[in-house]
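Please put together the full structure from these sequences, using the hints given.
Residue numbers (the working numbering), protein chains in the order written: chain A, 1 to 164; chain B, 1001 to 1631.
To be clear, the hints were calculated from the coordinates, so they are not data collected in a lab. Just so we're clear, the structure is a prediction, and the values are computed from it rather than from any experiment. Hints are not guaranteed to be accurate.
Claimed, not checked - Derived DSBU-like pairs: lysine-lysine, alpha-carbon spacing no greater than 30 Å straight-line:
| hint | chain 1 | residue 1 | chain 2 | residue 2 |
| --- | --- | --- | --- | --- |
| 1 | A | 162 | A | 19 |
| 2 | B | 1578 | A | 162 |
| 3 | B | 1277 | A | 40 |
| 4 | A | 30 | B | 1211 |
| 5 | A | 40 | B | 1341 |
| 6 | B | 1482 | A | 3 |
| 7 | A | 28 | B | 1046 |
| 8 | B | 1185 | B | 1414 |
| 9 | B | 1482 | B | 1554 |
| 10 | B | 1578 | A | 30 |
| 11 | A | 78 | B | 1612 |
| 12 | B | 1170 | A | 123 |
| 13 | B | 1624 | B | 1573 |
| 14 | A | 40 | B | 1482 |
| 15 | B | 1499 | A | 3 |
| 16 | B | 1612 | B | 1582 |
| 17 | B | 1562 | A | 3 |
| 18 | A | 4 | B | 1482 |
| 19 | B | 1186 | B | 1170 |
| 20 | A | 123 | B | 1615 |
| 21 | B | 1341 | A | 4 |
| 22 | B | 1211 | B | 1046 |
| 23 | B | 1414 | B | 1118 |
| 24 | B | 1521 | B | 1414 |
| 25 | B | 1624 | A | 162 |
What the hints assert, rightly or not - Simulated restraints, written as ranges between beta carbons of each label pair:
| hint | chain 1 | residue 1 | chain 2 | residue 2 | range |
| --- | --- | --- | --- | --- | --- |
| 26 | B | 1294 | A | 69 | 38 to 46 Å |
| 27 | B | 1591 | A | 120 | 39 to 47 Å |
| 28 | B | 1277 | A | 50 | 50 to 58 Å |
| 29 | B | 1621 | A | 121 | 25 to 33 Å |
| 30 | B | 1518 | A | 44 | 42 to 50 Å |
| 31 | B | 1208 | A | 69 | 34 to 42 Å |
| 32 | A | 109 | B | 1515 | 34 to 42 Å |
| 33 | B | 1577 | A | 69 | 56 to 64 Å |
| 34 | B | 1002 | A | 5 | 26 to 34 Å |
| 35 | B | 1548 | A | 58 | 35 to 43 Å |
Beta carbons are placed, not taken as given, at the ideal position from N, Cα and C, and that holds for glycine.
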Amino acid sequence: MKKKLTSVTFNDSAEKREKLLAVIEEYKGKEGNLLPVLQKAQEIYGYLPPEVQKTVALGLEVPEAEVFGVASFYAQFKLNPDGDIAIAVCLGTACYVKGSGQLADKVTEIVGLHPGETTSDGKYSFEATRCIGACGLAPVMTVNGDVYGRLTPADVAGIIRKYQ
Amino acid sequence: MNIENLTTIQQSVKETLDIRAGIAAGHKRNVLICGGTGCTSSGSVKIHDAMQKALEERGISDEVKVIQTGCFGLCANGPIMIVYPEGTFYTHVSVDDVDEIVNEHLVGGKEVERLLHKEKTASGNVEPTSLSESQFYKKQHRVALRNCGFIDPENIDEYIGRDGYRAIAKVLNEMEPQQVIDEMKKSGLRGRGGGGFPTGLKWQFAADQPKGKKYVVCNADEGDPGAFMDRSILEGDPHAIIEAMEIAGYAVGADEGYIYVRAEYPIAVHRLQVAIKQAHEKGLLGNNILGTDFNFDITLRLGAGAFVCGEETALLTSIEGHRGEPRPRPPFPAVKGLFGKPTMNNNVETYANVAQIILNGADWYASMGTEKSKGTKVFALGGKITNTGLVEVPMGTTLREIIEEIGGGVPNGKKFKAAQTGGPSGGCIPAELIDTPIDYDNLTAIGCMMGSGGLIVMDEDNCMVDIAKFYLEFTVDESCGKCTPCRVGIVRLLETLEKITDGRGELEDLDKLEELCNYIKSGSLCGLGQTAPNPVLSTLRFFRDEYVAHVVDKKCPAHVCKNLMQYIIDDNKCVGCKMCSKGCPADAIHVNDGAVVKEGKKLPYLVIDQSKCVKCGACIATCKFKAIYKS
Ligand SMILES: Cc1cc2nc3c(=O)[nH]c(=O)nc-3n(C[C@H](O)[C@H](O)[C@H](O)COP(=O)(O)O)c2cc1C
Ligand code: SF4
Ligand code: SF4
Ligand code: FES
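Next comes the structure, spelled out in structure tokens:
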């Protein structure tokens, strides 16, 4: 998936930073450590802003470019934070043949975001996912992790409104 | 832990498993609730918790055991609950139904009629059916899925109760490594990850490498978007994979295994973690397994969502912690794999057959299936099909049996158009080939591939050019970019498809597409690039007329491609209620100036200004009089 760099300002906290440094310490020197460390870093911060990537690079003694290379390669890694209202539409095949493409268009129309983007005030984010495992409910979207299924484009606005 | 201990555990769970198998009757009941991802999304965990609480409140939690299982298969009707020994099959259950089920059924002994799963029988009546008698189950044959929806995947004793860890015991006590490999060869099992490579041969290659450090890997990356066979096996029967990896480790001489599983599968990851821990505690994993000198341990590695990491060399690079880019082969992983050591990698479903082959014999396994494709195959049925879900059938079952009988056909009276297998690497089987017996070779012969088991059904409302474009968008996103034919070539393919669906296509584009496809197939480094053109080639082969309609007539016959279709209001049906114009985001619907006369009265009707319409489809959904159609 093409990844967009973030425009949201980074908020660090001493507590999070400490956790991250502990993770780095735990994995330092182990074979194949970059992926697990980034996964844990994302658990801590919710995404991987440049500042976090830099800390990981310094800590594990790998080039920053390699960290960015790995972070941008894998779909799981988020370069943008989730919005307060995090919307995702499934574009897995089962959902797509049942019209999830139109759901995605509708979300874009309503919140003005394309997949992979977060509004700069951090309020909304929009993601296109690949199969969340609810194919029996296709087409599906999720808002803050709640699954909504068997949707038509007409249902989208009402679902988003519930979170506003 | 030794064999006697296994027998003791088996005895201890016999009663509860017999109740579920319908062998033992009695006052004790087992309530099975699906805890797979599909039913979890529709709230099955809440149902489980509410049920447990209700039973405790009534003081009957000793008589009724509530078990969260893996997927039953019939995801479309979830959340699913089954009550044994009666075998009562409840579908579409919600939290609000729990009290009624407890009071009426579990206390009162009377089934809750309205929640029973019902099906049309041969006589035409709609009647309740049990799971095993349903159309969906009757033609299935469960080997890889035998424990899914039957045992509690987080309780190792139940797995042992189903002859679990008997196969590794047999292998360690009675068989030489080479005998194990010979048995696999004789069974005819082929890799279920897509390639169909004979499993026994693969084990032989790894075993033939000089003694020393070797690895066994399980590919649980399941990249095909919309396929969920492997996930369901891991969620429903994780110990079967652990046991099979041990058997493989013994056969090839490895003492360490890695399972590469998608981080997007949190339930599967959790169940694997629980299973690994329990197997350790019981001495069934780790050092001196079952009291022998065989050591084997397993590490979980979470994949981070990259389709190309399903390709085995990319997967190994990813386990090593890098961007998951494929490596040229040779050297093959069997020679130089993970961390430079000989490595044997199989898919989840491949492993799921292994213990059964050891216990029941290669001849038993080879008696199922076709001449060159033995055993069964699990499919994830999805798309325009009534029974979305997971099915396992003997190889050689026809597509018609899967779609019409097991799958319950295409819903809403629509016509079946094609089935897609093999995901982004595969192709379409058109309606005229619906009687094709499904096995590796038949699918390859028609330019399709078995793939890992995703089976997506499409009806007359799906545009085949759009579907090809959908898969290309996926592979463009997922190409790792290492080699040029793939990185650049498939982007060109996608651009050409976009040109066609936008209405700018020309007839000669179709030949260019074919030429480019063949170039990409032969020039790419790994399987992703080599197979990415397949969805285009296969739709061009079977649905060329649809491509031609797009480029010559500038029409999308399925009315999907926005630039090649219009929404039109039928003035014979429009009653002038203006509901559509209120909901139109583009303000494209206006009352017609020239009023028409209907039944002596002048009625206004609405028209769509095509230059403003953004083709969102909202109007068609709002019109109660079905006056709006696509053209
Ligand atoms: C692009 C690409 C994606 C693949 N994805 C998967 C996958 O998700 N799961 C899988 O088991 N095999 C996948 N494979 C096949 C593996 O490379 C490998 O053949 C397989 O894991 C071997 O196991 P098997 O012999 O048991 O099938 C993929 C191959 C390619 C080229
Ligand atoms: S074929 Fe595509 S995915 Fe495979 S190595 Fe080349 S660029 Fe990467
Ligand atoms: S399809 Fe959408 S934009 Fe076009 S007329 Fe209907 S509601 Fe308006
Ligand atoms: S394809 Fe959308 S949930 Fe599976």
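Against the structure, the hints:
A threshold of 30 Å between alpha carbons decides the hint, and for residue 162 of chain A with residue 19 of chain A the separation of about 34 Å lies outside it, so the pair is violated. Taking the CA atoms of residue 1578 of chain B and residue 162 of chain A, the gap is about 27 Å. The hint holds against a cut of 30 Å. Distance restraint check for residue 1277 of chain B and residue 40 of chain A: the Cα-Cα separation of roughly 21 Å lies within the 30 Å cut-off, and the hinted pair is therefore satisfied. Of the pairs offered as hints, the one joining residue 30 of chain A and residue 1211 of chain B holds, with about 25 Å between alpha carbons and a cut-off of 30 Å not exceeded.
Between the alpha carbons of residue 40 of chain A and residue 1341 of chain B the distance comes to roughly 28 Å, so the proposed pair stays at or under 30 Å and holds. Distance check on the hinted pair: residue 1482 of chain B and residue 3 of chain A sit about 18 Å apart at the alpha-carbon level, within 30 Å; holds. Taken as a hint, the residue 28 of chain A and residue 1046 of chain B pair is broken in the structure, with Cα atoms around 40 Å apart against an allowance of 30 Å. Taking the CA atoms of residue 1185 of chain B and residue 1414 of chain B, the gap is near 44 Å; set against the 30 Å cutoff, the hint is violated.
The suggested pairing of residue 1482 of chain B with residue 1554 of chain B is violated, with an alpha-carbon distance near 37 Å, which exceeds 30 Å. Between residue 1578 of chain B and residue 30 of chain A the alpha-carbon distance is near 67 Å, which puts this suggested pair outside the 30 Å criterion. With a C-alpha separation of about 37 Å, the suggested pairing of residue 78 of chain A with residue 1612 of chain B is violated against the 30 Å cut-off. About 59 Å separates the Cα atoms of residue 1170 of chain B and residue 123 of chain A, which puts this hinted pair outside 30 Å; it is violated.
Straight-line distance between C-alpha atoms of residue 1624 of chain B and residue 1573 of chain B comes to about 10 Å, which keeps the hinted pair within the 30 Å bound. Distance restraint check for residue 40 of chain A and residue 1482 of chain B: the Cα-Cα separation of roughly 27 Å lies within the 30 Å cut-off, and the hinted pair is therefore satisfied. For the proposed pair residue 1499 of chain B and residue 3 of chain A, the alpha carbon gap of about 24 Å is at most 30 Å, so the pair holds. Our distance criterion of 30 Å between C-alpha atoms is met by residue 1612 of chain B and residue 1582 of chain B, whose separation comes to about 15 Å.
About 26 Å separates the Cα atoms of residue 1562 of chain B and residue 3 of chain A, which keeps this hinted pair within 30 Å; it holds. For the suggested pair residue 4 of chain A and residue 1482 of chain B, the alpha carbons sit about 21 Å apart, so the restraint of at most 30 Å is met. At most 30 Å may separate the alpha-carbon atoms for a hinted pair to count; residue 1186 of chain B and residue 1170 of chain B meet this at roughly 18 Å. A distance of roughly 28 Å separates the Cα atoms of residue 123 of chain A and residue 1615 of chain B; the hinted pair therefore holds under the 30 Å criterion.
Of the supplied pair hints, the one linking residue 1341 of chain B and residue 4 of chain A is violated, its CA atoms being roughly 37 Å apart against a limit of 30 Å. Taken as a hint, the residue 1211 of chain B and residue 1046 of chain B pair is broken in the structure, with Cα atoms around 51 Å apart against an allowance of 30 Å. As the CA atoms of residue 1414 of chain B and residue 1118 of chain B are separated by approximately 22 Å, the hinted pair is consistent with the 30 Å bound. At roughly 35 Å between alpha-carbon atoms, residue 1521 of chain B and residue 1414 of chain B are farther apart than 30 Å, so this suggested pair is violated.
Among the hinted pairs, residue 1624 of chain B with residue 162 of chain A is consistent with the structure: their alpha-carbon atoms are about 26 Å apart, no more than 30 Å. Judged by the Cβ atoms, the range 38 to 46 Å given for residue 1294 of chain B and residue 69 of chain A holds: they are separated by roughly 40 Å. In this structure the supplied range 39 to 47 Å holds for residue 1591 of chain B paired with residue 120 of chain A, their Cβ-Cβ distance being about 41 Å. For the pair residue 1277 of chain B and residue 50 of chain A, the beta carbons lie near 37 Å from each other, so the given range of 50 to 58 Å is not met.
At roughly 31 Å, the beta-carbon separation of residue 1621 of chain B and residue 121 of chain A lies within the given 25 to 33 Å, and the hint holds. In this structure, residue 1518 of chain B and residue 44 of chain A meet the distance hint of 42 to 50 Å, their C-beta atoms being roughly 48 Å apart. At about 36 Å, the beta-carbon gap between residue 1208 of chain B and residue 69 of chain A stays in the expected band of 34 to 42 Å. For the pair residue 109 of chain A and residue 1515 of chain B, the beta carbons lie near 38 Å from each other, so the given range of 34 to 42 Å is met.
Checked against the hint of 56 to 64 Å, the C-beta distance between residue 1577 of chain B and residue 69 of chain A comes to roughly 57 Å, which is consistent with it. A beta carbon spacing of about 59 Å between residue 1002 of chain B and residue 5 of chain A contradicts the range 26 to 34 Å that was offered as a hint. Taking 35 to 43 Å as the suggested C-beta distance range, the pair residue 1548 of chain B and residue 58 of chain A does not conform, at roughly 59 Å.
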